[in-house]
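Visitor: Residue numbers (our numbering), protein chains in the order written: chain A, 1019 to 1158; chain B, 1019 to 1158; chain C, 1019 to 1158; chain D, 1019 to 1158.
Hints may be right or wrong, so weigh each one.
Intra- or inter-copy, both count: the list cannot distinguish identical chains.
What the hints assert, rightly or not - Under the rule of at most 25 Å between Cα atoms (straight-line distance), these lysine-lysine pairs were calculated in the BS3-like manner: (1) Lys1116 / Lys1153; (2) Lys1025 / Lys1116; (3) Lys1105 / Lys1116; (4) Lys1084 / Lys1105.
Just so you know, the hints here were simulated from the structure itself, not pulled from any lab data.
Chain by chain, the residues:
4 protein chains.
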Amino acid sequence: MNGNETKIVVRYNETDKMGIVHHSQYVNYFEIARTDFIQQLGISYREIEEKGFMMPVLGVEVHYHKPAQYDDTLLVETTIGAYDSIKLTFDYKIYREKDRKLLVDGSSSHCWTDLSLRPVSIRRKNPDLHALIVKASKQA
Amino acid sequence: MNGNETKIVVRYNETDKMGIVHHSQYVNYFEIARTDFIQQLGISYREIEEKGFMMPVLGVEVHYHKPAQYDDTLLVETTIGAYDSIKLTFDYKIYREKDRKLLVDGSSSHCWTDLSLRPVSIRRKNPDLHALIVKASKQA
Amino acid sequence: MNGNETKIVVRYNETDKMGIVHHSQYVNYFEIARTDFIQQLGISYREIEEKGFMMPVLGVEVHYHKPAQYDDTLLVETTIGAYDSIKLTFDYKIYREKDRKLLVDGSSSHCWTDLSLRPVSIRRKNPDLHALIVKASKQA
Amino acid sequence: MNGNETKIVVRYNETDKMGIVHHSQYVNYFEIARTDFIQQLGISYREIEEKGFMMPVLGVEVHYHKPAQYDDTLLVETTIGAYDSIKLTFDYKIYREKDRKLLVDGSSSHCWTDLSLRPVSIRRKNPDLHALIVKASKQA
Chain A
1019 MNGNETKIVV RYNETDKMGI VHHSQYVNYF EIARTDFIQQ LGISYREIEE KGFMMPVLGV
1079 EVHYHKPAQY DDTLLVETTI GAYDSIKLTF DYKIYREKDR KLLVDGSSSH CWTDLSLRPV
1139 SIRRKNPDLH ALIVKASKQA
Chain B
1019 MNGNETKIVV RYNETDKMGI VHHSQYVNYF EIARTDFIQQ LGISYREIEE KGFMMPVLGV
1079 EVHYHKPAQY DDTLLVETTI GAYDSIKLTF DYKIYREKDR KLLVDGSSSH CWTDLSLRPV
1139 SIRRKNPDLH ALIVKASKQA
Chain C
1019 MNGNETKIVV RYNETDKMGI VHHSQYVNYF EIARTDFIQQ LGISYREIEE KGFMMPVLGV
1079 EVHYHKPAQY DDTLLVETTI GAYDSIKLTF DYKIYREKDR KLLVDGSSSH CWTDLSLRPV
1139 SIRRKNPDLH ALIVKASKQA
Chain D
1019 MNGNETKIVV RYNETDKMGI VHHSQYVNYF EIARTDFIQQ LGISYREIEE KGFMMPVLGV
1079 EVHYHKPAQY DDTLLVETTI GAYDSIKLTF DYKIYREKDR KLLVDGSSSH CWTDLSLRPV
1139 SIRRKNPDLH ALIVKASKQA
């Protein structure tokens, strides 16, 4: 694994009447893992927003292999799939910690924008942040 | 009933592994009913925010009598409990439509603020809105 | 449009600090539209579960074009993309009602299972339900 | 503090368009803190359900003092407020970690039931669990 690993414990309110985690929740798990990934680069997503940039989601894809259950500890492995200075793709694999079974995988694509949701080139607007992501995407 | 009645159909993602609606959801149902109540006064909560006012929640209380289930049609009866020009309380009763059983009741208290969450007197800042709410609170 | 159209009004709790609907919500909107689609076939998803069948999600894909905002009325157009007696795909287009702009599109794929999440052939187990879906998929 | 302290980091999807945590989320935070409290007694809520018992919510009360924001680290202090062998009340105080300011407090009341939501005396049905809770409630 060349990416980042994030631990998430399934909450009761994330389950549904099937007795398993509701399928929409994994999109939130991806987001938690993605912001943790960015944090590990040395800058929080909160600080990125404070600097005037956002990373709205252009698309998301989720593939469900096995259901997660209440109180399961999940490990989300996040890597950068593709990056130019405007668009950015993250890939995710969600494992159940106790037996390391793959439960879910997927990806999300994003673009850099300002706080009014207008696309920006992060390479020009924030070269340091750009450099961090280029470095992280090479490690993947 | 002197208040307003709002119809809500329970969504699948609002259930939990007990097979019933998760208890936190009723706070959202209260909010839907409250904004519908305001809409019926002749102004939407969206417009209120566009005019520069908000109505953040100071407190909420929920009493659970019977569980709602997936696909149940609920009727939420909303009335104004108390009002001065700064604080505002709503009372809610949630019934199951098919047998008119009371499932949940509760209340929420609010204060008027500007968009920076500073308290304002709505009587002075927006007398028309104040008048609408006074009228609605007298009908309760 | 040969499919079904479902109206959804954006709730306050579905927005996030960007001021727009949180991207995970659209997966819930798809689910609401899908169960409404099934309802229009003449059987509710609740009854399907009561008969002992479920339709868990194998995969979901969402493409975000424009953000929905608080209080927007959305129209979700649902069609069946593909169907054999085990797997079933739905396609969705989410429009903003007031200007009919396409905000989001996507799809979800499902398989028929029993209540223990074991795959079943619905053609053999429930020919009537199978016939309804075959008919709906031909109209698409 | 004689109770239990649970750390929660605010997730992006828990915020709303006010830019702060949506008020319904604190009911989920209470639940996370309550199950963590029980876990610290030496038994998980998951195991309690596996033994055939549940602890549905009879009522909840939340008082909002200051808003939590995205990425804030929260500390939830949980204590048992009252206990007989059927009913159980938890009290919560939610602090912002960085300055130890009280953001929210509240309580939830519960009764012990079997998996069909019928009330049970946990003292008779599971004396060990009863003893754990009596011990914890004396420490409060």
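Visitor: Each hint: holds or not?
Guide: Hint-by-hint comparison with the structure:
1. Lys1116 / Lys1153: This pair counts as neither: shortest intra-copy Cα distance 31 Å, inter-copy 31 Å.
2. Lys1025 / Lys1116: both (12 Å within a copy, 22 Å between copies)
3. Lys1105 / Lys1116: neither (35 Å within a copy, 30 Å between copies)
4. Lys1084 / Lys1105: This pair counts as between: shortest inter-copy Cα distance 16 Å, intra-copy 30 Å.
When each numbered hint is compared with the structure, violations occur for hints 1 and 3.
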